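In order, the protein sequence lines correspond to chains B and S. Numbering that gives the first Met the number 0 puts the last residue of the first sequence at 364; the count rises by one with no breaks. Numbering that gives the first Met the number 0 puts the last residue of the second sequence at 331; the count rises by one with no breaks.
Keep in mind that the hints were calculated from the coordinates and are not lab data. Heads up, some of the hints might be wrong.
[Stated by the list, open to error] Below are the EDC-like pairs computed for lysine to aspartate or glutamate, each with C-alpha atoms no more than 20 angstroms apart in a straight line:
(1) K326/S to E237/S
(2) K356/B to E237/S
(3) K158/B to E252/S
(4) K157/B to E237/S
(5) K356/B to D250/S
(6) K158/B to D30/S
(7) K202/S to E345/B
(8) K29/S to D58/S
Remember, it's a predicted structure, so these values are computed and weren't measured experimentally.
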Amino acid sequence: MDIKPFTAEPIRVLAPDGSTVENADKLGLSKDDFLTMYRWLVFVRGVDDRGYILVRQGRAGFYAQVAGQEAAQVGSALPLLKDDWMYPDHRSQGSMLVKGLTATEWFGHVLGRMADPTQGRLMPHGPGRRDLHIVPPASTVGNKITEAVGTAMAQRIKKRKEVTICYMGDGATSEGDFHVGMNFAAVYQAPALLFVQNNQYAISMRTDQQMRTKTIAEKARAYGMDGYLVDGNDIIAVYAVTKHCADSARSGNGPSLIEAFTYRYGPHSSADDDTRYRPKGELEMWRTQRDPVTRMRKFLESRGLWSDEQEQKLQAEVKAQLAAAMEEAEKSPVPEPLSVFDYTYESLTPHLQWERKQLAAELGV
Amino acid sequence: MATAQVAKQTQSTMVQALQSALVEEMDRDKDVVILGEDIGVRGGVFLITEGLVDKFGTDRVIDTPLAEAGIIGAAVGMALYGLRPVAEIQFIDFIFPGFDLLVTEAAKIRYRSAGQFGVPMVIRSPYGGGVRGGSYHSQSPEAYFVATPGLKVVVPSNPYDAKGLLIASIRDPDPVVFMEPKKIYRSVKSDVPAGTYEVPLGKAAVVREGKHASLITFGAMVPVALEAADIMNKDGVEVEVVDLRTLQPYDTEAILQTVGKTGHVVLLQEAPQIGGYSGEIAAFIAENAIEYLEGPIVRVGGWDTAFPYALEKAYMPNPNRVVRALKKTLNF
Numbered sequence: 000m001d002i003k004p005f006t007a008e009p010i011r012v013l014a015p016d017g018s019t020v021e022n023a024d025k026l027g028l029s030k031d032d033f034l035t036m037y038r039w040l041v042f043v044r045g046v047d048d049r050g051y052i053l054v055r056q057g058r059a060g061f062y063a064q065v066a067g068q069e070a071a072q073v074g075s076a077l078p079l080l081k082d083d084w085m086y087p088d089h090r091s092q093g094s095m096l097v098k099g100l101t102a103t104e105w106f107g108h109v110l111g112r113m114a115d116p117t118q119g120r121l122m123p124h125g126p127g128r129r130d131l132h133i134v135p136p137a138s139t140v141g142n143k144i145t146e147a148v149g150t151a152m153a154q155r156i157k158k159r160k161e162v163t164i165c166y167m168g169d170g171a172t173s174e175g176d177f178h179v180g181m182n183f184a185a186v187y188q189a190p191a192l193l194f195v196q197n198n199q200y201a202i203s204m205r206t207d208q209q210m211r212t213k214t215i216a217e218k219a220r221a222y223g224m225d226g227y228l229v230d231g232n233d234i235i236a237v238y239a240v241t242k243h244c245a246d247s248a249r250s251g252n253g254p255s256l257i258e259a260f261t262y263r264y265g266p267h268s269s270a271d272d273d274t275r276y277r278p279k280g281e282l283e284m285w286r287t288q289r290d291p292v293t294r295m296r297k298f299l300e301s302r303g304l305w306s307d308e309q310e311q312k313l314q315a316e317v318k319a320q321l322a323a324a325m326e327e328a329e330k331s332p333v334p335e336p337l338s339v340f341d342y343t344y345e346s347l348t349p350h351l352q353w354e355r356k357q358l359a360a361e362l363g364v
Numbered sequence: 000m001a002t003a004q005v006a007k008q009t010q011s012t013m014v015q016a017l018q019s020a021l022v023e024e025m026d027r028d029k030d031v032v033i034l035g036e037d038i039g040v041r042g043g044v045f046l047i048t049e050g051l052v053d054k055f056g057t058d059r060v061i062d063t064p065l066a067e068a069g070i071i072g073a074a075v076g077m078a079l080y081g082l083r084p085v086a087e088i089q090f091i092d093f094i095f096p097g098f099d100l101l102v103t104e105a106a107k108i109r110y111r112s113a114g115q116f117g118v119p120m121v122i123r124s125p126y127g128g129g130v131r132g133g134s135y136h137s138q139s140p141e142a143y144f145v146a147t148p149g150l151k152v153v154v155p156s157n158p159y160d161a162k163g164l165l166i167a168s169i170r171d172p173d174p175v176v177f178m179e180p181k182k183i184y185r186s187v188k189s190d191v192p193a194g195t196y197e198v199p200l201g202k203a204a205v206v207r208e209g210k211h212a213s214l215i216t217f218g219a220m221v222p223v224a225l226e227a228a229d230i231m232n233k234d235g236v237e238v239e240v241v242d243l244r245t246l247q248p249y250d251t252e253a254i255l256q257t258v259g260k261t262g263h264v265v266l267l268q269e270a271p272q273i274g275g276y277s278g279e280i281a282a283f284i285a286e287n288a289i290e291y292l293e294g295p296i297v298r299v300g301g302w303d304t305a306f307p308y309a310l311e312k313a314y315m316p317n318p319n320r321v322v323r324a325l326k327k328t329l330n331f
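The shape of chain B in the complex, shown without the other chains (with noise of 0.2 angstroms):
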């Protein structure tokens, strides 16, 4: 499979009824790399589902979830080595747990407990682990750009063979960060693949009131980087694409932009009203007909890979795995009061030290 930069339609292997328009079978995939994919899908699914419940529940203050945009997280994150660093967005989770994020980590999170690797210190957008090499999120937008860049010149100028993965939304585009991060990252030709998940709303905003640019592909072009437009639906395009920027990072030849263009089902968070700005029909048409785990399913089933035994195997399994996830992280202890101060500095100052007293007595400990 010839993969091109700047196409006018979306690189695509899978067509939306899961028959291939390109050979899935150049791709150096096995008959397990396929199953592996499609398991992810199902399981980020499955973690998501159960982990929005838990706002339902008034357990959780807060969630965005993942849900349609799975094949462009899993897909993406799949082509990663161990050794290569990840910064998340705010909606990310799926590509979390396939670079070996727990399903028990999630949930503590989303619960801020102490299973959470971050102690509970950030809104359930996604934590970090330093070991797995994924940097912690934030609510911000687009200035984890620059930060990733940076990694990636640190990796460059370290001579290793890694890369660093940047995810962004399209309304990450629009800010000045996006600019700096990928002229910074072109002028360096740092090891950086540039992940915009297109899912055509920031919020309430569309791409079309966000940019004035057809794709956001094309934008890469203004940065001499090249830009690649995948269907991000198409978990088999998703994953083909990056790792061909992978690859071409590792050996030297700089970052890339790829948008995947996909779409989210649910609210941009568990705070917002989405049927307030959606055409009417719209998520039902994507969800209907586009879903990227229906069609990954499709493709395995043509192929005589995937039954309903099997599928209901596993939906079983999920099931399990995640109750068992969400039991650990329900047992897992609030974080410590006092320890609020702590990691402000890598050691308390005296000011902080005296607060900590402060607190102690509010608290009569």
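Add chain S to chain B, keeping to what the hints say.
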């Protein structure tokens, strides 16, 4: 003050002292890299990095495109990865496009990762007036940084401290905003040891002993304070001058000690007063040492305006303004 175990001392300017700190640290630790605008062949607009690109190469002395958000953002990403970046912002007045990266990212990543990630980086930048720089080459914006938990803020006032504080800042595990008083880059010389030494962060220095009043200040205002103390001395008034050196975290012990000794306090800064750093020190003294005070805490600073070009002299704190403030508290 830390004493160096080295015999060789040379009379150096702050520019030379800062360069010496960078060279020592880059020699010692290959993970120390420097980046900024015009710091390579140009040597930086104040020549602090002159010659370093020849010595250390373009991988470690990185000329950057003109984008402060990029310089600070890239430095954060490098620090997270394990390097020890020292970024130069050409004038601190230009830092604001990168302000978001400092306060949203550098200052908070250790906290938000529950200690998994640290951001050991230094942002060096010349600050302050008195060089006919107008509104955008003269400001003293320390209050913004001090008000952000997670950042450390260091301001040297002389060549010896500049070297030792910069070395300590580079070795510090947390992000440091290192403000360099450009007015005294080349106007003051002091003995600077040739080897490596640290001046610890968070420790003030009594630069002149006195028993009648305490003049607490930092950076480019230290020479102004010393001049005011000289004037007062002619009338037999002994003014103690305390150089804070680190604004965040600050040396509470040193402040309590001098206030307990003199009972009169003047706080001197170059920046505007409202919401300024002196307000924090005044409140700290009022909360913790009111029993020692025999007069009001008086602040001297720049006026609460933008920094003027033609009227710089009318704007900048001067020794006479400080003397009037000292008399106000002493004659209370």
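*Regarding the pair K356/B and E237/S, is the alpha-carbon distance no greater than 20 angstroms?*
Between K356/B and E237/S the Cα gap is close to 37 angstroms, so the pair fails against 20 angstroms, i.e. violated.
*Given the hint that K158/B pairs with E252/S, test it: the Cα-Cα distance must not exceed 20 angstroms.*
46 angstroms, violated
*asked:* Please verify whether K29/S and D58/S have alpha carbons no more than 20 angstroms apart.
replied: 11 angstroms, holds
*Compare the distance between the alpha carbons of K202/S and E345/B with 20 angstroms, and conclude whether the hinted pair is satisfied.*
17 angstroms, holds
*asked:* Please verify whether K158/B and D30/S have alpha carbons no more than 20 angstroms apart.
replied: Distance ~13 angstroms between K158/B and D30/S Cα, so the pair holds.
*Would the pair K356/B and D250/S pass a check requiring their Cα atoms to be no farther apart than 20 angstroms?*
18 angstroms, holds
*asked:* For K326/S and E237/S, compute the direct alpha-carbon distance and say whether it is at most 20 angstroms.
replied: Status holds; Cα separation ~12 angstroms.
_Can you confirm whether the C-alpha distance between K157/B and E237/S stays at or below 20 angstroms?_
56 angstroms, violated
Of the numbered hints given earlier, the model fails hints 2, 3, 4; all others are met.
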